[in-house]
Amino acid sequence: MNGRGRIGVRLTGSHARAALITDAKIRQAECRADDNRELSRILRDLARGTSVQSITWDVSAELDPARFGTPVGTLRITPRLPAHDLGSGHPSPLLRPLVRWQAAVTGGHDLFGVQLSPMDTEEVLRSAASACEEGMSTLAVTATGAPGSPDHELAAAELIRTVHPQVRISLSHQVGGLGMVDRGAATVINAALLSTAERIVERCAALVSQFGPHTSVWFMAGDGGRISAERLRMLPVLGLSATSAAALIGAAALAGVDDALVGLAGPDGFAVGHVRDGLPRVTTDLPGPGGVRMAVPQASLTPITGSPTDSASAFALLAEHDQYPGVIAVASAAPDGSSPHGDDRDRHDRYKAALERARAAAGQLPSLSVLVEPPADLAAVGAASTEPSAWLDTVLYAETPEELARKRAVVEQRALTLVAESGARLGSEHVIDSRALSLSFLPSGAYRLTVRAGGRVEVNT
Amino acid sequence: MTGRFLSAADVPALLAGAEFFSTSAVEEGIEFAGVWLQDVLTHTGPVQLVAADELDPDTLCVAIGAMGSTVTMSELPPSGDEPEMITRSLADRLGSPPAAVMPLNAANVNALYPVAAAAVLGLPLIDCDGMGRVFPLIHQTTYELAGMSLTPLAIVSTGHDLTLLETSSTRAERIARSMARAAGGWLLCGMYPGPARRLREAAIHGSVSRVLDVGQVLCTYAPNGVHARELGDVAPWPTPSATPTRDPASDGRPPGPHAAHRLTTTPIERLLRALSEVTGAELVGGGRVMEVGPSVGQAVYPGNPIGTVVHDQDSGHLIRLEAYTELLLALTDGALTAAVPDLICMLDRGALRMTGPERLTVGDQVSVLRVPAAPVWHTAPGLALAGPRAFGYPLRHPCEEGR
Numbered sequence: 001m002n003g004r005g006r007i008g009v010r011l012t013g014s015h016a017r018a019a020l021i022t023d024a025k026i027r028q029a030e031c032r033a034d035d036n037r038e039l040s041r042i043l044r045d046l047a048r049g050t051s052v053q054s055i056t057w058d059v060s061a062e063l064d065p066a067r068f069g070t071p072v073g074t075l076r077i078t079p080r081l082p083a084h085d086l087g088s089g090h091p092s093p094l095l096r097p098l099v100r101w102q103a104a105v106t107g108g109h110d111l112f113g114v115q116l117s118p119m120d121t122e123e124v125l126r127s128a129a130s131a132c133e134e135g136m137s138t139l140a141v142t143a144t145g146a147p148g149s150p151d152h153e154l155a156a157a158e159l160i161r162t163v164h165p166q167v168r169i170s171l172s173h174q175v176g177g178l179g180m181v182d183r184g185a186a187t188v189i190n191a192a193l194l195s196t197a198e199r200i201v202e203r204c205a206a207l208v209s210q211f212g213p214h215t216s217v218w219f220m221a222g223d224g225g226r227i228s229a230e231r232l233r234m235l236p237v238l239g240l241s242a243t244s245a246a247a248l249i250g251a252a253a254l255a256g257v258d259d260a261l262v263g264l265a266g267p268d269g270f271a272v273g274h275v276r277d278g279l280p281r282v283t284t285d286l287p288g289p290g291g292v293r294m295a296v297p298q299a300s301l302t303p304i305t306g307s308p309t310d311s312a313s314a315f316a317l318l319a320e321h322d323q324y325p326g327v328i329a330v331a332s333a334a335p336d337g338s339s340p341h342g343d344d345r346d347r348h349d350r351y352k353a354a355l356e357r358a359r360a361a362a363g364q365l366p367s368l369s370v371l372v373e374p375p376a377d378l379a380a381v382g383a384a385s386t387e388p389s390a391w392l393d394t395v396l397y398a399e400t401p402e403e404l405a406r407k408r409a410v411v412e413q414r415a416l417t418l419v420a421e422s423g424a425r426l427g428s429e430h431v432i433d434s435r436a437l438s439l440s441f442l443p444s445g446a447y448r449l450t451v452r453a454g455g456r457v458e459v460n461t
Numbered sequence: 462m463t464g465r466f467l468s469a470a471d472v473p474a475l476l477a478g479a480e481f482f483s484t485s486a487v488e489e490g491i492e493f494a495g496v497w498l499q500d501v502l503t504h505t506g507p508v509q510l511v512a513a514d515e516l517d518p519d520t521l522c523v524a525i526g527a528m529g530s531t532v533t534m535s536e537l538p539p540s541g542d543e544p545e546m547i548t549r550s551l552a553d554r555l556g557s558p559p560a561a562v563m564p565l566n567a568a569n570v571n572a573l574y575p576v577a578a579a580a581v582l583g584l585p586l587i588d589c590d591g592m593g594r595v596f597p598l599i600h601q602t603t604y605e606l607a608g609m610s611l612t613p614l615a616i617v618s619t620g621h622d623l624t625l626l627e628t629s630s631t632r633a634e635r636i637a638r639s640m641a642r643a644a645g646g647w648l649l650c651g652m653y654p655g656p657a658r659r660l661r662e663a664a665i666h667g668s669v670s671r672v673l674d675v676g677q678v679l680c681t682y683a684p685n686g687v688h689a690r691e692l693g694d695v696a697p698w699p700t701p702s703a704t705p706t707r708d709p710a711s712d713g714r715p716p717g718p719h720a721a722h723r724l725t726t727t728p729i730e731r732l733l734r735a736l737s738e739v740t741g742a743e744l745v746g747g748g749r750v751m752e753v754g755p756s757v758g759q760a761v762y763p764g765n766p767i768g769t770v771v772h773d774q775d776s777g778h779l780i781r782l783e784a785y786t787e788l789l790l791a792l793t794d795g796a797l798t799a800a801v802p803d804l805i806c807m808l809d810r811g812a813l814r815m816t817g818p819e820r821l822t823v824g825d826q827v828s829v830l831r832v833p834a835a836p837v838w839h840t841a842p843g844l845a846l847a848g849p850r851a852f853g854y855p856l857r858h859p860c861e862e863g864r
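Chains E and Z, in that order, give the protein sequences. For reference, each letter of the first sequence is one residue, going 1 to 461 in this note's numbering. For reference, each letter of the second sequence is one residue, going 462 to 864 in this note's numbering.
Since the hints were made in silico from the structure, they are not lab data. Each residue gets a CB set at the ideal place from its N, CA and C atoms; glycine is no exception. You may find that some hints are simply not true.
Said to hold, decoys possible - Chain Z is faced by these chain E residues, among others (derived, beta-carbon under 7 Å):
id, residue
1, P91
2, G179
3, F211
4, Q323
5, R425
6, L437
7, G445
8, R448
Could you build all of it, start to finish, from the sequences and the hints given here?
Written out as structure tokens, the structure reads:
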């Protein structure tokens, strides 16, 4: 054995791109994504001589809800039912075909956990029966104020499962995030992807199982952290948009820095993001698949397009004023083969254009900056390098600073627990960012609390 | 009649403009209100936008606006019949129903909810407002300055708790605010009922159109949210057409040490110029955010004070911004350069979108803008109601110097 390492695999839809990283080397392999036997073989070849600690999959391309989502029913729990159906629709062309049946019942809490209306349990049961009659096998349930109190969502789920045990249910408080429209959309997409996620998880877990019990299986999340197979199976929405996050992590890892301004160079321009403490900066207000905002965190990228010279100048200016080193990374690995043709030729040309753009920018950067020409798929390297993390976004009320500190500590502890559950080494869990923001136009004491925590796995690569 | 109609297609511009005029809208996000309004307008059809002087002078008008936290609004969407409850309540009290709707303030969600109210009620929307931005209290309006009465104030929660308040403006604000907290965080209000003739002097005219114009500028330069597309064989990429070529770090200031890198006319310069043309905005300065954190302020308004320091690398100036939900003061090297009631806002140079202290992280690049308030706000009564001293700062507004 040549030591221990980690493997990252990005499923692109057509191809599987894998990278092995150890203390000493990085190796890559690639095959068609739909060929299980071949994928199994290249993973074995990649791991030869190395004790593989984990295999982390970026499956976001396989979780495209427009292609792989199945229609679901939605149940909304609100204090008042929409008048004349006003406001009950979502304008997204993605969501419309995914929502085949919908109903609303009264109930719900405010964000501070106060019940606004008792839940109409009889109507929940009537709605569930109607959904089943319409052939719905999956329901997305979203209650007003669920982040403050999930009681009505849990009660509705229990009622439905008691009478219709075959129905699968996604609950919005499990998806997380503030805002009923965004969280509701995320819950619909999550429910629509449950079957697909199950299939993906089983496949990936089976491929990893050949390495024995000491190799664990993980999945990239859109926030740049990694989640367990069980968590992806239940919350596939967390696996969306993971490629951007993985590429940022991969760039920083190959540059050997934990904090950086990263420019991912492509043929058409740069995508610029930030990495702090090994994790990409994320926001919850970016549009996700189909332009739908989902209230789940994803890496924040700003595009810089234009000619190589102009975009390089623009990135150089950003790097000049940033407190952390600038990292320019070519966002795809060099294609194999000396005489490219067809698709390979196209890929070769794109790689060449991206490389030229990256080198043009690197030539203008301050001395501490790094140019990364990755020896493997950048997102696969990022997937292999990713560390456990957690993100919590909630609202609380505290009348005194002491009460705020106490409640904040509880939320932070919950985030640290999630990090530990994602395989962090005992004692490595730490809070990366914890913000208590006063809510606008409410009396002092109402806060929105966002907490991000991270940790390190056993082997430092 | 102007002949202008607002339809679902106008909502993206309305949203972007509503964010420009409100820092808190940027920070907490108001897209949920846009999704809701689009659905409402799809059901009801377009809303007619009219100037106040196009209405019969005796037309009974009512200002519509929400009070409370936008975060709680995002969690508690309206059911859609709140405007009917408000107008019914006011009609019972006044003897006739309102025949036109105007915004309390055309900014933040209150640029959108009055449109929805007009749509649901089948009434015209008057192209005016009473703030020209967001102030924290519902009586900090030009309607109030002109002597219109805030009350009778009809308020309704999303749980359909309905109240009609008849008291002074200050007490009505205070009572309604405490009700908002108990009702889940926000209320929809109908207030300042009065004939259209009163609006000639009392309103800021053209406010809704201005929000739309600003929004269209912002939508042109920064399509709502930049998202990396993910393709099978290519790493995530912005499309060349998604955003124009940009140089996010230049503001048209004198060239710095790396001037050779800069393009002659950058998108941010063009955006700033376009915003200036539409709003009269001036650049206070811009650079890297050095500090964001709690500040010192009196707890007389909802929320907590936040301070932000921006280092203008080219000029070397330090710009300190004081916020109390909205940005209130800008001090350059300690000297007051912009103050409430003028609008102070920040533009993220990288994303070309509006931003605010709570969204910012140290290291971000921003431009700080000052948009002059409506002239009535610069009068002595205007400054007394919404100038720096009204927010607890013992400062004279820059326009008072030399008076």
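TODO: Would you list, in rising numerical order, the hints stated earlier that this structure does not obey?
DONE: 3, 5 and 7
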